[in-house]
Amino acid sequence: MSQIPALIPGTLLFTAFAALFAGLIRVSWGYALTVLGIGTSFVISLMGVSAVLQEGELRYHLGGWQPPLGIEWVLDPLSAFMVTLITGIGFTVIVYAPRSIRFETPGKEGFFYPSIALLLAGLAGVSLTGDVFNLYIFIEIAALAAYALLAVGDRRAPVAVFRYLIFGAVGGGFYLLGVGFLYYSAGTLNMADLAERIPELYQSRSVIAAAVLMVTGLGLKMALFPMHLWLPDVYNFAPSVSAGLIAPIMTKVSAYAIVRLFLDVFHPSFFVETLPITTLVGWLAVGGILVGSILAIAQSDFRRMLAYSSVGQISYVALGIGLANPIGLIGGLLHIVNHALMKGCLFLIGGNVRLRTGLVEIPRFAGLGRAMPWTMVAFTVAALAMVGIPPTAGFFSKYYLLLGSVDAGNWIFFAVIIVSSLLSAIYFFRVLEMVYREAPESAEGEGGGSDGGGAHPGGEAPASMLVPVLALAVAILLVGIFNVVIVDRLLEPAVAPLAE
Amino acid sequence: MRIISISLLLLLGGVLAYASGDLPSRGDPQAPASVHVSPHYIENSLVEMETPNMVTAVLADYRAFDTFGEAVVVFTAALSCLLILIRRRREEEGDEGREGRA
Amino acid sequence: MSLRFDSGLPEGLAGSAHRGMSRTYHSLFVDVVTKAMVPMIQVFAFYVIFHGHYSPGGGFQGGVMLAASIMLLRLAMGQEESFRRFPPDWGMLLAAGGTLLFAVLGVLPMVFGGNFLDYEYIPFLGAEAATRRYWGILLAEVFIGFLVWGALVAIYDALSGGGE
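Protein chains in written order, with the working numbering: chain G, 1 to 500; chain C, 501 to 602; chain A, 603 to 766.
Treat the hints as calculated values from the structure; they're not laboratory data. Careful: at least some of the hints might be erroneous.
[As the list claims (entries may be wrong)] If you only want the chain C side, here are some residues facing chain A, beta carbon under 10 Å, derived: (1) E548; (2) N553; (3) F565; (4) E570; (5) F575.
Glycine residues also receive a C-beta, built at the ideal position from the N, C-alpha and C atoms.
Isolated chain G, as found in the complex:
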């Protein structure tokens, strides 16, 4: 039991090696091992959740050194929640992956699966670590794997990812610079130890600068407005599997890191009173929500629309941070899981459509509702969740955010959430309407790139790609219905420092 924190990323890491070596012999073996490994890590994460709920947080000292001498990993409700989300999405996507990868990036599978395992290992490490420098290292692992996974998409993908790489490297550099300032001022890297030593340094200019640099760096990585410029192109040109894996969790993990800094490293009062970081993040989030939603309406490419909507949705998480009250932050954190499920589902649906019809343009989606009924059922659920219609998951995070805005007395935030829900209704209902419209006769026969010819010839997606999509759709409903369990058991203890 006590080894759980090390086992989750450890399993994923060994999966990467096993998949690499097995993939050299035969790709299908590498794939089988990846599924097995990620599935195991998901099971271990679930065990971690139950262990946390029963025994409280687990602190794991790597190398046997007590912190602050060594590095510490912490499995507490919040990190258990994150790793379960990461490995769960990872497992769904890896089940989905093989057909789509073979179709979109033929001949690259051998290195694709190990990279996915490494990405998940990095993200799990970020979630679990209790050490600010260790967090940087795992962010870099995840980022490097993500660059590669995203860059193997379209012909234009490398350019987009190159820009992402620059943004990401600058963000990582800022974060590392901040860590340097922090270490030099406080003399330790351990989060719990920092939390004890920082309060007496609140007036120190280097600690203030450290906080600013670290949040800016992570903000770059989480595509916080106006630092979101890299994101739309990257997700647009990426393979469906990479987008479906990275869009849901990559930026969220950076947001989670900011929450960690906010709650566990610097005391909340530092971010709220000494330095109005949360207020600033909140207003940037307002900008991101509006810009993301409006630009999403303007897109005709399905994936590009999703990418812009991601800019808006990650801003909801940022808005939760910006509200800086327990209920608002719960909304933001709940939106991490909600948006991960919804956006993962939507990007994978995009992959299904692309596999069967080769289409990415929304105006040509007409008739898909008949050609791919189950995929489109999942799409309907996900779209309703994105708009925020009960009882889907998307409703509840927005509900908590609204309550948080009322609590904070911030009616502008309240209005922005409502308006942006209406905006998402516009762009998702537009697609829904198109999907369930009868296919015009003349449009037939143009859908290139499919294995069958014709416009919507292939019919429903293969089971291996349909089941994960439906599973995510069901998860959206389940998380919506049972959100109280997540909120009460996992998120409420996590935001306890705010309640003081």
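Starting from the structure of chain G, add chains C and A where the hints point.
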């Protein structure tokens, strides 16, 4: 565009200059970094791991996990290069049959 | 931006490098110096790796030197000859092998009841805790050396169009 980048750079420089004002001076034996964990490393690395070079002791034992993470970073970088570069060319040569062989 | 990234990077960059490098310089001077230098670089690299306990150095630095020696071979001898001495497949195998061995070294203590990377729990590394840690550090440095060696050569080969 140029004005934006120059002003951003100036802003960053300003932040750094502002921040460094409060840093302990270089090599200050009373600096937090010198009194908190460093003394333990300095005093005990020879005893605890028979290693006179305490930099190595910190890197490869006290904070071995960071080093391990860095190792994985290097490995990931190599894997990423192969994923991006080699495959793309092979695909264009129409040789998709041989999988995964570098 | 002069590099064309729209998939022009791989063939463009690699293609020209490929042409340039498959031609062997039949220069006696380069040949002799390379043949003399490479073993010396490698010996010094191993010294750096193994002497990390006592002097500046360690796996990362030594690994870079080892990779540099292979790159010198690649540059001076051309692909055909240097691939015979160090096949391009070896890069990734060394990198994966080194990281995997390091990971195994980390997991071994967990088998014997300790935490990840707690060398004290590996019984066959020595009698005392400090000795075990000593050997644990050394093994870790060696594995890192192999990893960096392999990873840099793999990246170099991928960029220069090797590994076909």
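Checked hints:
1. E548: At about 6 Å, which falls below the 10 Å cut-off, the nearest Cβ of chain A leaves the hint on E548 (chain C) intact, so it holds.
2. N553: Since chain A brings a Cβ to about 6 Å from N553 (chain C), closer than 10 Å, the hint holds.
3. F565: holds, 6 Å
4. E570: Where the cut-off is 10 Å and the nearest Cβ of chain A is about 8 Å from E570 (chain C), the hint holds.
5. F575: Cβ of F575 (chain C) sits 4 Å from chain A, so the hint holds.
This entry satisfies every hint, going by the numbered hints stated previously.
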